[in-house]
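Chains A and B supply the protein sequences, listed in that same order.
Position 302 of the first sequence, counting from 1, maps to 302 under the working numbering, and the rest follow consecutively.
Position 265 of the second sequence, counting from 1, maps to 1265 under the working numbering, and the rest follow consecutively.
None of these hints come from the bench; they were simulated from the model.
A portion of the hints provided could be inaccurate.
Stated by the list, open to error - Derived SDA-like pairs (lysine to any residue); straight-line CA-CA distance at most 25 Å:
#1 Lys180/A x Gln1241/B
#2 Lys180/A x Glu1246/B
#3 Lys481/A x Gln1241/B
#4 Lys1035/B x Gly99/A
#5 Lys525/A x Met1195/B
#6 Lys1096/B x Val93/A
#7 Lys481/A x Gln1258/B
Each chain, written out:
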Amino acid sequence: MISKGAKWIGWTGVLMLVIVFLLALIGPYVVRHDAEKQTGMPFQPPGAEHWLGTNDMGQDIMAELVVGARTSLTIGIAAALLATLIGTAIGLVSGYSGGWVDSLLMRIVDICLTLPFLPLMIVIGVYMGPSLITQVMVITLVMWAGKARKIRAQTLSLRSRGAVLAAQSMGAGHFYILWKHIFPSMLPLVIPQFVQAVNVSIMMESSLSFLGMGDPLSKSWGSMLFYANSRSAFLTEAWMWWVIPPGLCIVITVLAFSFIGYCLEERVNPRLRAYQAASLKGAKSAVKAALPGTSTADLLAVESLFVRYPKENSTMTAVDDVSFVIKKGEVLGLVGESGSGKSTVAAAVMQLLKPPAMVEQMGIHFADRDLSRLSPVEMRQIRGNRIALIPQAAMNALNPVMSVREQLAEAILSHRKAGKQEIQERIDQVLMQVGLTPRWGAAFPHELSGGMRQRAVIAMALINEPELVIADEPTTGLDVKVQVEIIKLLKDLQQRLNLSMIFISHDLPVVLSLADRVVIMNQGKIVDQGQTLTVAHHSTHPYTRRLIDSIPRIRTARPLQEQR
Amino acid sequence: MSANAKAAEHMWQEDLLQVRALRKTYAIKGSNKYKMTVLDGVSLSIKPNETVGLVGASGAGKSTIGRIIAGLETSDSGQLIYQGKDLQRMSAKERKQATSSIQMIFQDPYESLSPRMTIEQLVAEPLVIQKLHAKDSEQRRHAVRDALTEVSLSPDRYMQRYPHELSGGERQRVGLARAFITRPKLIVADEPTSMLDTSLRLDLLQLMKELSERHGIAYLFVTHDLALTRGFCDRLLVLDQGKVVETGTPEEITEQPQHPFTQGFISALLELDSF
């Protein structure tokens, strides 16, 4: 699926390319003059005999253009093909084998990347003599290394993918894995790389020829410009028919490949696509008038929230008519299996959903303000300040190159001005609250254990004394022991600081232990909600019962104890 | 050889797989001196048709054992005696043959299935790699249908579909069918349930159990979720910092943990459980 705009651009590119190819392929049969021979008077303006006039030697310019098209396309495609092939092969081998092979190949790539293009051309040209082959060689030499790097990076990430490991565990050989699993995943990347390479090599060929370093015996668009320039075409009127046509040809060809490349690139990179879709649809168009029906005791009130995603010709509803309120000091548990839309709700509250998501709501009221109507700047002041998020993956949530203390300081400073002394005191205070001794503040994320990292993330969330904390699966992926610690900590913090919290989890026992009220979601809809104990013991909703009954117990199965 | 030693030898021979004194260290990046010990002399044995659970905290090395057995990694020292032969000393060809009767299912049902292949191609892949029924595509197809039926997926509905059209639970069944198609004697299951929703976890284990009963398959079940091993595993090994610290039935270990690590682990679980 590509956006309409990109498709249009792509087809324009194809059309332009067809014109250039037609020029190269059937040109010789239409233009009857020989580009190498003098067929008219020098400097003849365009006319019936010579459609685009003649040059200083009386050669037909139209005929030259046709020959030039062949040269440019041949060199462009040959060099791009070689560079892409070599780059892909080296990148695959290097990324897949790793170890010293990888190191060696990557050093060679580094060297090639630093090679200066023009001097290289001059040196090689002197040794081999200027010719088509020399040009192809130089362009390939300059271009393959960049491709190899890109392919290697991709291979590295594919090599540890589950599907590759699975094949390996079935006893598959290296060649089989490379050919059947890695290369096909690479193709969508290789093809746009090739198109871009054609583009660059045509430009390179033209520049080389224009500087007189091309093959003097074969005519190309660049060499036409070289002769036009050296025979002072610009001093006469001849530039109009001698300079503009080859110039135009280069522009059209390069543009054509760029357009096609852009279109392909968008197909490979879905992010580009997402931004386009949004501008087309006008994501927030359907905001209706908000009802001021919320009481002041409610800290957050979400009314009729819908989130939809476009899906081939239709939409997929991720969040379907969700409404709930949170009172001050209350913990709301949001429970559901993966794909139930619980995290999407949180992202919608934080106004973090980006296109292609389409959000509709009657209102998301936070402390008497409708968050859905705030400007991005206003929202930024609330986010991380009055509403804070504790995200799931603690390792990814922290900046690996900053110490915990620096990150905490940054979190404060992004919302208010504060003196150094004040900042340090606040950081010490928060670190103590989350159970880290202040000296750990100097540590970098990788120096912390999983549990400590999660504490640091909680500290980040609490640093600006938020009124509402949204914890999105804060214990998932942690060891059982650490999970217990973190849950205790959150419980304790919530009581001490009287936090209001949305606690999102697929882990029902964890939620039952923390939340005052629970909301149970399934396939985007709220299927059940109520006070935690009531839901746990008395809910008759089949989905809720299934969730509760499927909790495996390590000792004999027994009913939930009334111990909260 | 004394009678005792002979008896011991005999017992060893009954095992499908013996892992003896397995050691594995990883080099720490940027340091020539220090290495991280992942496995510190682990020994274990699996009898035919037996389900052995390997539990422990993350980083205890439990996945590494599974990966070494499945041939995804090599050990620094130690032996893997499979049906009386050392897997790590086999030639590449012999090893390949042996691996057709050792298969693996993975943690992530989204990643471990290539998105470009249909379910039929995915399930048939071990046959392709092992060059089984190479000439007879009808037989291959038949084998795929069989394997899918074994994991309760209707072949007619699923064979031509792609992984992205399936739910997590269905994908994990496809993974199981793919492991089963070569009729293995041992399946290494590396946290196969951890990415599934709670309500589906027990279903998958039930299916694995039935498969094992029908076809005599042994499992090495790697998990951090002790609660799941009850009723599924015959025997548990508790791993801590690269060493086996305790063995026993799931009941023994959950009711009367002996080793301090296991005790701490169980009490943390109980605390979670009691919420």
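What are the numbers of the hints the structure violates, in ascending order?
Going through the list in order, the structure violates hints 1, 2 and respects the others.
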